[in-house]
Structures are given as structure tokens and as C-alpha cells.
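A.B. asks: Residue numbers (our numbering), protein chains in the order written: chain R, 124 to 276; chain V, 124 to 276; chain A, 124 to 276; chain X, 124 to 276; chain W, 124 to 276; chain Z, 124 to 276.
In short, the hints are calculated from the structure, not lab data. Check before you lean on any hint, since a few could be wrong.
Note that identical chains are pooled: a pair holds if it fits in a single copy or bridges any two copies.
Stated by the list, open to error - As a list, the in silico DSS-like pairs of lysine-lysine whose alpha-carbon atoms are at most 30 Å apart:
id, residue 1, residue 2
1, K256, K190
2, K209, K132
3, K186, K256
4, K211, K175
5, K175, K209
6, K273, K132
7, K256, K175
8, K211, K273
9, K211, K132
10, K132, K186
11, K209, K186
12, K186, K211
13, K273, K209
14, K241, K211
15, K209, K241
16, K273, K190
17, K132, K190
The lines below spell out each chain.
There are 6 protein chains.
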Amino acid sequence: MASIIRVTKEFPFEMAHVLWNYDGPCRNVHGHSYRLFVTITGTPIDDQGNPKNGMVIDFTDLKSIVKREIVSVYDHSVVVSSRYEKAKRDQFVNLFGNTVIVDYQPTCENLVSDFAEKISRHLPSGVTLHSLKLYETANSFAEWFAEDNKRST
Amino acid sequence: MASIIRVTKEFPFEMAHVLWNYDGPCRNVHGHSYRLFVTITGTPIDDQGNPKNGMVIDFTDLKSIVKREIVSVYDHSVVVSSRYEKAKRDQFVNLFGNTVIVDYQPTCENLVSDFAEKISRHLPSGVTLHSLKLYETANSFAEWFAEDNKRST
Amino acid sequence: MASIIRVTKEFPFEMAHVLWNYDGPCRNVHGHSYRLFVTITGTPIDDQGNPKNGMVIDFTDLKSIVKREIVSVYDHSVVVSSRYEKAKRDQFVNLFGNTVIVDYQPTCENLVSDFAEKISRHLPSGVTLHSLKLYETANSFAEWFAEDNKRST
Amino acid sequence: MASIIRVTKEFPFEMAHVLWNYDGPCRNVHGHSYRLFVTITGTPIDDQGNPKNGMVIDFTDLKSIVKREIVSVYDHSVVVSSRYEKAKRDQFVNLFGNTVIVDYQPTCENLVSDFAEKISRHLPSGVTLHSLKLYETANSFAEWFAEDNKRST
Amino acid sequence: MASIIRVTKEFPFEMAHVLWNYDGPCRNVHGHSYRLFVTITGTPIDDQGNPKNGMVIDFTDLKSIVKREIVSVYDHSVVVSSRYEKAKRDQFVNLFGNTVIVDYQPTCENLVSDFAEKISRHLPSGVTLHSLKLYETANSFAEWFAEDNKRST
Amino acid sequence: MASIIRVTKEFPFEMAHVLWNYDGPCRNVHGHSYRLFVTITGTPIDDQGNPKNGMVIDFTDLKSIVKREIVSVYDHSVVVSSRYEKAKRDQFVNLFGNTVIVDYQPTCENLVSDFAEKISRHLPSGVTLHSLKLYETANSFAEWFAEDNKRST
Numbered sequence: 124m125a126s127i128i129r130v131t132k133e134f135p136f137e138m139a140h141v142l143w144n145y146d147g148p149c150r151n152v153h154g155h156s157y158r159l160f161v162t163i164t165g166t167p168i169d170d171q172g173n174p175k176n177g178m179v180i181d182f183t184d185l186k187s188i189v190k191r192e193i194v195s196v197y198d199h200s201v202v203v204s205s206r207y208e209k210a211k212r213d214q215f216v217n218l219f220g221n222t223v224i225v226d227y228q229p230t231c232e233n234l235v236s237d238f239a240e241k242i243s244r245h246l247p248s249g250v251t252l253h254s255l256k257l258y259e260t261a262n263s264f265a266e267w268f269a270e271d272n273k274r275s276t
Numbered sequence: 124m125a126s127i128i129r130v131t132k133e134f135p136f137e138m139a140h141v142l143w144n145y146d147g148p149c150r151n152v153h154g155h156s157y158r159l160f161v162t163i164t165g166t167p168i169d170d171q172g173n174p175k176n177g178m179v180i181d182f183t184d185l186k187s188i189v190k191r192e193i194v195s196v197y198d199h200s201v202v203v204s205s206r207y208e209k210a211k212r213d214q215f216v217n218l219f220g221n222t223v224i225v226d227y228q229p230t231c232e233n234l235v236s237d238f239a240e241k242i243s244r245h246l247p248s249g250v251t252l253h254s255l256k257l258y259e260t261a262n263s264f265a266e267w268f269a270e271d272n273k274r275s276t
Numbered sequence: 124m125a126s127i128i129r130v131t132k133e134f135p136f137e138m139a140h141v142l143w144n145y146d147g148p149c150r151n152v153h154g155h156s157y158r159l160f161v162t163i164t165g166t167p168i169d170d171q172g173n174p175k176n177g178m179v180i181d182f183t184d185l186k187s188i189v190k191r192e193i194v195s196v197y198d199h200s201v202v203v204s205s206r207y208e209k210a211k212r213d214q215f216v217n218l219f220g221n222t223v224i225v226d227y228q229p230t231c232e233n234l235v236s237d238f239a240e241k242i243s244r245h246l247p248s249g250v251t252l253h254s255l256k257l258y259e260t261a262n263s264f265a266e267w268f269a270e271d272n273k274r275s276t
Numbered sequence: 124m125a126s127i128i129r130v131t132k133e134f135p136f137e138m139a140h141v142l143w144n145y146d147g148p149c150r151n152v153h154g155h156s157y158r159l160f161v162t163i164t165g166t167p168i169d170d171q172g173n174p175k176n177g178m179v180i181d182f183t184d185l186k187s188i189v190k191r192e193i194v195s196v197y198d199h200s201v202v203v204s205s206r207y208e209k210a211k212r213d214q215f216v217n218l219f220g221n222t223v224i225v226d227y228q229p230t231c232e233n234l235v236s237d238f239a240e241k242i243s244r245h246l247p248s249g250v251t252l253h254s255l256k257l258y259e260t261a262n263s264f265a266e267w268f269a270e271d272n273k274r275s276t
Numbered sequence: 124m125a126s127i128i129r130v131t132k133e134f135p136f137e138m139a140h141v142l143w144n145y146d147g148p149c150r151n152v153h154g155h156s157y158r159l160f161v162t163i164t165g166t167p168i169d170d171q172g173n174p175k176n177g178m179v180i181d182f183t184d185l186k187s188i189v190k191r192e193i194v195s196v197y198d199h200s201v202v203v204s205s206r207y208e209k210a211k212r213d214q215f216v217n218l219f220g221n222t223v224i225v226d227y228q229p230t231c232e233n234l235v236s237d238f239a240e241k242i243s244r245h246l247p248s249g250v251t252l253h254s255l256k257l258y259e260t261a262n263s264f265a266e267w268f269a270e271d272n273k274r275s276t
Numbered sequence: 124m125a126s127i128i129r130v131t132k133e134f135p136f137e138m139a140h141v142l143w144n145y146d147g148p149c150r151n152v153h154g155h156s157y158r159l160f161v162t163i164t165g166t167p168i169d170d171q172g173n174p175k176n177g178m179v180i181d182f183t184d185l186k187s188i189v190k191r192e193i194v195s196v197y198d199h200s201v202v203v204s205s206r207y208e209k210a211k212r213d214q215f216v217n218l219f220g221n222t223v224i225v226d227y228q229p230t231c232e233n234l235v236s237d238f239a240e241k242i243s244r245h246l247p248s249g250v251t252l253h254s255l256k257l258y259e260t261a262n263s264f265a266e267w268f269a270e271d272n273k274r275s276t
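Extracted from the complex, chain R is given alone in its bound form (with noise of 0.2 Å):
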């Protein structure tokens, strides 16, 4: 019973984004309904006198770090690139109540790189972020795997 275990769960959000120059209709703010799937990997607690006998991480745990540095940032927000001009961006800032700046174009081959680095670093020691998987649509998805980039993380 040692061995190595990947353990998923789905965190979904609704947002909106907008891709500055893009050629097509994404040009436009459109929202999106959002499926967060985060794989983690390690080895099940082998302990009887361990509460957490038997888990890689307690789901309670997964969820507020996945709560806390994604969904609390990200659901009912706008994502909107820093590259626009500062009136612009200034606009949507006064405009919506809840806009996220981040410093890169807000695809969901971007957003999931950006969450593979945010969710890794507060990970507790004995478990490792295996992959992310982003649905931007009901068929379509972005995914991010640790051995796809074993440098940058």
C-alpha cells in the first residue's frame, strides 16, 4: 500500500476576459464558465494513529489552497492584460468592480501556467502539483504538467 497516488479536484469559476490585438472575436470581453481540474501526486499517509490515514493531502486542505490563491481571485472577475494602454486599463478598473491586471495575454494556455506556479508554491511538503487542466469552454482545455517543465517550477 505504498505506492504513488495522483489525487484531482475540480474547482470551477465564471469569468470574463479579454485578448488585446487578438484577430478574432475574443477581441471582445466575453465570459467564460471555468473548470479547475488540480492533480497532485504522492504517497498515501500510512500511520493508524494519522487522522489523514490513507490520503496524500486531506481534500479540506486542497480546497483552501486552491480557494484562497485561485477561485477568491478569480470567479466574478475580468482578467485583463497589463499591455493595455493605461487609460484603457484605468477604464475597466473604474468600470467593474472586480478586475484582475495580470502582466501577460489572458488565454487559457497563459492563466494555466500562471496557476500551476501560484498553487505549487503553497503546497505542503511530501506532495507535488502534478498537472492542472483549464476547460475554457464545454470542449476545450489547456493543461500544464510539472514533467512538461521540470526547470521552471
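Use these hints to put chains V, A, X, W and Z onto chain R, whose structure you have.
C.D. replies: Then chains V, A, X, W and Z, alone, in the frame of chain R:
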């Protein structure tokens, strides 16, 4: 084989909205992956010489009505109430290429009502709009039924 | 606890069909993963001595009716209209081990009507067929409701 | 925009149950991931000064009713009929921290009936319980509809 | 056409479990609709004379292994750790017709490990167990991968 | 933000097939609603002046490749092996407008292999086919991974 049959087709689209004056997180612009289920009712054609034999309506025809009236208008857009003060509304229109101004609060309930009116007036004779279901998130939706609203359509 | 309750069970099956004389791509033989939802209605048995206490119908009984009448006949078959000229129909039967000849155009609408007749006549007393929903693709389906077709069943 | 609209929200919970005296495998304690769909009906508020403008009911309010009456009681519990002999029932209560004793056979049909009573009496005025759908497995569910049970609620 | 292909089949089952000594709500007996995805890998048979031509394994054979080793044992059962004191364990066995005693804490992580061992030893030659995915709820699952556990199987 | 990211898009199509010489029900022509998931991998473009900034590949480009190579060919078709005797094969072609003759047994395993070859040779430079997943029914699928087949592509 002269039964009355209900036929449904699903249409997904990606939209942002903002609820003016609301006291929850939806007062910020945010987005959803909407899924609209359009249900029409009628008797399948029973005529061997008709290429649409056995169908209530050819899906190709239903799709072109719903795409023209709803999907092409609301997909990749932000929906904003005309009750916003004019200056703020103009800012919306300037910032976003594709802003749809509606004369109601764009909740899921009001959107589905408005869509029912827009679709039902374009259906061919012999075909009736039975109901619409509009998912706003993966686990919540609003529905309009003709039988609940007999006078209004 | 003497409520009237509707109970539904889903039955998947894999079938091919061809629409004779149709003017779209469905005039070619092609296939679908059909999903049939059978909804019956009745009052749950309220009798402690009855092993089916609390049930409208034992799912095992509903399953054996639907499997015998529908799934065992249509799963892994091709459905062809008897309106095809005899020579072509014979070719179908020779080429395919499992061809089902029906006296109607096998659209989703007509299939669900036919299935309603076939299932409703085998239900035990006290249990009524309420409706059938037949998914032809992941995002389109036809439905038959008893309340829409009171005379015909 | 004075339409009558139906609004639905899904609530998942994890429960075990046992069917006393049943003659199939459900006579053993076993569990399901239940999914309860609560549908209410009403006219969306049409009052610009009301923060709930455009809503039949604020989802936050619906959620707090269903969580308090159903989810907090039945999630992570075992449901057992009071018709069990007292000694066996006491053993259940001793063995499991969270046993819910109900005065009926806890089939999906009876549970959905009971939930309808528990939810409908707590809805605010102007909002009516339209129906409940309770999935017991991924492909079977029971439904309670107000229109089928007009006298009982 | 001599590619290496991974083939997956899903198996649902309904089970209750209890986590001895855990400090959250799972210390009570409760249930889930589990969904087990079994992925095997191999090279499809390339032999016209073989009725299994083009298959890595006939799904009928894979199904009979997984049904015999897993589904028939765990479906409609309660899983309990042998670490419970004997008197309490005996009560479980007396109360429930179908109790499975395992020598580990029955978390999703440990169950998927145990299932990997049970399935892999029964696969025919030429077919390897690649991975197992076990959904415990609709939005969380554990996975075992052969590549993560090369020594242990 | 120079991560390697995997990007996936789902493509549904409706197809019939027949397994020559098979000893189960698939030896009859029958159909499925296939769902093909195409996963490509690469580094998102990091160039403010490029309208595709932040994307590995524009979904519009990926869609046009997969639609041209796969969906437009196989949707609403019957797939038949060239190993059938010529007379029978000619009958197929005569009976069905859209018959695709392939030089292998059209199992899900062989189809996914063939699709991998057809898609990978058309991807633009900087983008690699990572894997394909092909659902044949709602609960079974075959997958091709580049890492499992390094020499063959």
C-alpha cells in the same frame, strides 16, 4: 405514427454580463459558458415524397433560426442593461467591440424570456416553441415554458 | 408518503440508420450512440410486507421489459424503412446480420413514438409510461409524452 | 418581461442507505452520490430599486434553505427506516455518528417526496416549489412534481 | 498499424465506506457512486484470421475480469478496515449482508492501489495495466499509474 | 510564461462501422456517436505584436485541419475494411453514398492510430501532436500517445 413529438437541440455560447445595482458578486462583469436548449413541438411529417419525411423540423432549419437570432448576437459579447446611466453605457460600448444593450436586467431568467420571444416569432407554421432551458453555470439554469405563459406569446 | 412519483432509467445502445430520400447527409447509412430515457409514473408501494415497499416499480423489472422490447432488438443493428424498394432492402438484409425493417422513416422522432407503443403495452398495472427521451447525438433529442398523445396510446 | 420562469439549482451529496426487507442487493447498506435538482417557479422581480431585480429568487437564498433542510442533514449519513426492530436500529446509531432515522422505506421515490415537503414549507412568498429530481445513480432518478400531487402540499 | 494503443472502459458501482479515526465527516458511514476507469495498453492484433483482429483486448474479456475481481465484490457493499476493534467489526458484518473487510484505510487512494493489484494479475499476456482512475464523487478522483509504481507491481 | 502547454479540442462525429470476421455483435453494421479529443503541445507565442500572442495554436487553425482531414471524411459515413471480398464491398459502395474503405479492421484502436498519422502531418511547425482520445461509446475509448509510438510518427 401521427404522434406529437418534442424535439430539442442544444446551442452553447460564451458571454459576459453584469447585473446593475445587484448586491452580490454578479454586480461585477463576469462570464459564463451558456448552454441554450431549444425545444419545439409538432407532428412529424408523414409524406414519403417529402425529403423531410419523419421530421418535425429539419435540424438545419432550426439551427439557422437560433444561430441568426441568438448565437450570432450574444456569443462573445457583454450584455448590459439600458438602465445604466448613459455615460457608463457609452464607456462599455467604447471599450468592447461587441456590447449588447437590453432593456432589462440581464439575469438568466430575463434572458430566457427574451430569447423565447425572439425564437418563437421565426418558427415555420406547424412548429411551436415548447420551452427553452438556459444553463448559466454547470449546475443552475432557468426555463421558459409556453404552457406557463400562454398569453404572452 | 402517498405521492405520485416519476421514475426514470437510462438505456444506451449503438445503432445505425439511414433516411430514405432525405436531402441531407443522413441519407447515407451512419450511426449514433443512442441514449433512451424511460420515465414511468405511479405511487410507490406502501406495504411493509412487500419486498418492493417504497418503489413505483422495481428497476430490475423495468430493465427486463426495456431490454427485451428495445435494447436487444435495436442495439448493434441497422434500421431501414420498408419503403425502400425490395431489391435494395434485400441487399441490406444480406449484407448485415442484424437489420431491423420498420414501416416508417427511422428518424429520432418516429423511433421514439414507436418505442413508446412497444414499452407501454408491457408495463404492469399501476404503472404508466409518462414519457420517453431519445438522444440521437450528444446535443439533440426527441421526446414522446403521454400527455401530448392521449388518444393514441 | 413579466413571464413565469422556472429556476433550477443542483445540490450533490454523498449518502448511504439500506432497504429493509428488500429482496435485491439494496437490502445491504451501500451508498450513492446523490444529485438533487430543485426547481422553483415564479415571476422575476421587475423593480429597478430592488437589488434582486430580474430574479425569481436569489440563488444565495435558495441555497441556504436547501443546505439547511437537506444537505446538512443527509450528506455523509446513513438513512435507516424506523421500521427496523429497535435493537438493530440502536446498533446503527451506535456504530455510525450520523444516522438519519426516517418513518418510511428510504427509496429514491420516498426520499424525493419527503424532501419536497421539507423544502416547500420554507420558500418565501411568491416562489413555489415546481419539482424535485433526485439522481440515485448516474443513470436513474426519481422526480416529484407539484402538478402531480396537488392535494398533498 | 503496429501502434501501441491505450484502451479504457468505465465501470460504475455503488458502495459505502467509513474512515476509521478520521477527523472529518467521512468518519461516519456514507456512500458514493464510484466510477472506475480501467486503462490497459498493448498493440492491436494484426491478423486477419483472428476474430479479435484490430483489438488490444476484446472488451468482453476485460469486462469479465473487472466484473469478477472488483464490481461483483464491491458493488452494494460497505468497506471497513480490519483495524477496527473486532467487536465493532463483527457488528458491521452482522448488520450488513455484504461487508468487505480490507487491511487498509478505505480511502479512494488506497482502494485504487488495491484494485490495481487485483486487476493486473489477471490480464492476459500482451496486455498491461496502464492506469486506473477512481471517481469517488462527481468532482474528485484518485489515479494509480504503472509508470509511477514500477517496482510495486 | 515560457511553459510547455498541452491544448485539447473535442470533435464529435456520427459514424457506422462493421468488423469483418469478428465473433461478437460488432460483426453487424452498427453506429456510434464518436468523440475525438485532439491534444497538441507547444509553447504559447510570447510576442505582443502577434495577434496569436499567448496561444500554442489558434483553435480556428486546429479546427480547420481536423475538420478537413477527419470530420468531413468520416462524419455520416460507414467505414469498411478493404479485406472484405470485392463483390460485397461494391455492394456497400452502391448502397451507401458515403462509404470509406480503409486497409485495416476499423476498430476504435486502429481508427485512432490512423487519425494520428493523418493529423500530425498537417500541423504547423512548433506544434506537435501529443495524443488522441477516441470515444466509441459513452464509457469506452482508445488513445494514441506520441510518447508510446516514438518511431512510427
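A.B. asks: Now, for every hint given, state plainly whether the structure supports it.
C.D. replies: Hints and how they fare:
1. K256 with K190: Result: close both inside a copy and across copies, 16 Å intra and 24 Å inter.
2. K209 with K132: For K209 and K132, neither the intra-copy (37 Å) nor the inter-copy (35 Å) Cα distance is at most 30 Å.
3. K186 with K256: Both ways: K186 and K256 sit 16 Å apart in one copy and 20 Å across, limit 30 Å.
4. K211 with K175: between (50 Å within a copy, 21 Å between copies)
5. K175 with K209: Between. Shortest inter-copy distance 22 Å satisfies the 30 Å Cα cut-off; intra-copy 49 Å does not.
6. K273 with K132: both (23 Å within a copy, 25 Å between copies)
7. K256 with K175: both (26 Å within a copy, 21 Å between copies)
8. K211 with K273: Neither way: K211 and K273 sit 37 Å apart in one copy and 47 Å across, limit 30 Å.
9. K211 with K132: neither (37 Å within a copy, 33 Å between copies)
10. K132 with K186: So K132 and K186 pass the 30 Å test inside a copy (8 Å) and across (22 Å) alike.
11. K209 with K186: The answer is neither: 35 Å in one copy and 35 Å across copies each exceed 30 Å.
12. K186 with K211: neither (35 Å within a copy, 33 Å between copies)
13. K273 with K209: For K273 and K209, neither the intra-copy (35 Å) nor the inter-copy (48 Å) Cα distance is at most 30 Å.
14. K241 with K211: For K241 and K211, the Cα distance is within 30 Å only inside one copy (27 Å; across copies 34 Å).
15. K209 with K241: Answer is within: at 26 Å inside a copy they meet the 30 Å cutoff, but 40 Å across does not.
16. K273 with K190: Close inside one copy (25 Å), not across copies (34 Å); limit 30 Å.
17. K132 with K190: both (12 Å within a copy, 21 Å between copies)
When each numbered hint is compared with the structure, violations occur for hints 2, 8, 9, 11, 12, 13.
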